[in-house]
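2 protein chains.
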Amino acid sequence: MKLLEDKILREGKVLAGDILKVDGFLNHRLDTALITALGKDIAKQFANSGASLILTVESSGIAIAFAAGQAMGLPVLVAKKSKTLNISDGVYTAPVFSYTHKTENTVLVSNEYLSAADKVLIVDDFLASGNAAMGLLSLVEQAGAKAVGFVAAIEKAHQGGRALIEAKGVPVYSLACIKEMRAGEIIFD
Amino acid sequence: MKLLEDKILREGKVLAGDILKVDGFLNHRLDTALITALGKDIAKQFANSGASLILTVESSGIAIAFAAGQAMGLPVLVAKKSKTLNISDGVYTAPVFSYTHKTENTVLVSNEYLSAADKVLIVDDFLASGNAAMGLLSLVEQAGAKAVGFVAAIEKAHQGGRALIEAKGVPVYSLACIKEMRAGEIIFD
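Chains as they are written, first to last, in the working numbering: chain A, 201 to 389; chain B, 201 to 389.
It is worth saying that the hints were derived from the structure and are not from the lab. A virtual CB, placed ideally from N, CA and C, is assigned to each residue, including glycine. Some hints could be false.
Unchecked claim - Covered by chain B, according to a simulated footprint, are these stretches of chain A (three or more residues, beta-carbon under 8 Å):
| id | region |
| --- | --- |
| 1 | 229-236 |
| 2 | 253-263 |
| 3 | 269-280 |
| 4 | 302-313 |
Kindly produce the complete structure, drawing on both the sequences and the hints.
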């Protein structure tokens, strides 16, 4: 999606450790017009997916998932992150390693809001190594629901997450797919 | 706002410890149509406020703040929560005690995105004792910016947060204002 690619080229910053900082429009400060447009693009892409629910994870996936939910007329389920492996009744949980923070978290959702009847479109801000995606897919599988797609606003293709998701038969869509990046240079796929 | 009050009466659950659970539409599972309507109501209320920026705090304020930002054509700045008092260059920080979790967090924003020129509308999901509000107002004050209003989707009036905010000369608006609540009964103001 050219709108997002142009924004990344203009305002994204490549930091040490293969980190792309998009704090100015996607994470910390939210460009509401841009994110609304991302939501509409996601809706167009998955118009025939039969999705019944959007699933995301707090906190930087929320705005994008919300914009997609608005455009598709669907509710959004926000997986919570917890430092502890919070195994209690009534929740599905999965471990997720955070690439940015180098910590392991647990993601969890209430089983009240995710059922075997759901067709789930997962939406997140980044797809890199696929750790968060695998955790969210595990929640969907535990509920006996079906994942109809995985969407990332930004994919870092060289980190291999896409193959893990596709191996589960789940289609992957990224709005900006980065092939290579280094300070001062970002090359899209 | 009748739409939200009706939803709270139908689906909200009053838990021990004076906690109102609205997980099914406002926090965990997001009712995108309802939250979009909340955003429009906030925009109408603050149409003449001169706001240049919406400020919220992760993660349950994000969707409501985003909907308000969309309706007002404004960006949203999402204050991050940290367990540690993260005093580093380039950020404004303030301590916040969480009523629900009984823990103290630090909220922080980058000084890159909040300046003395900003007129800030603060938007959060709840106003209770006013702890989160005071932390966010402190960030605005540190930047030398002006707070033009504080909005909560749901106010628990009996916990006194409103008076603290109004004492700073900042107008408070809540979309649903709860006067009293106990199991099975919620009374609006």
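Outcome of the hint check:
no. : hint    : verdict
1   : 229-236 : holds (count 7)
2   : 253-263 : holds (count 4)
3   : 269-280 : holds (count 9)
4   : 302-313 : holds (count 4)
When each numbered hint is compared with the structure, no violation occurs for any of them.
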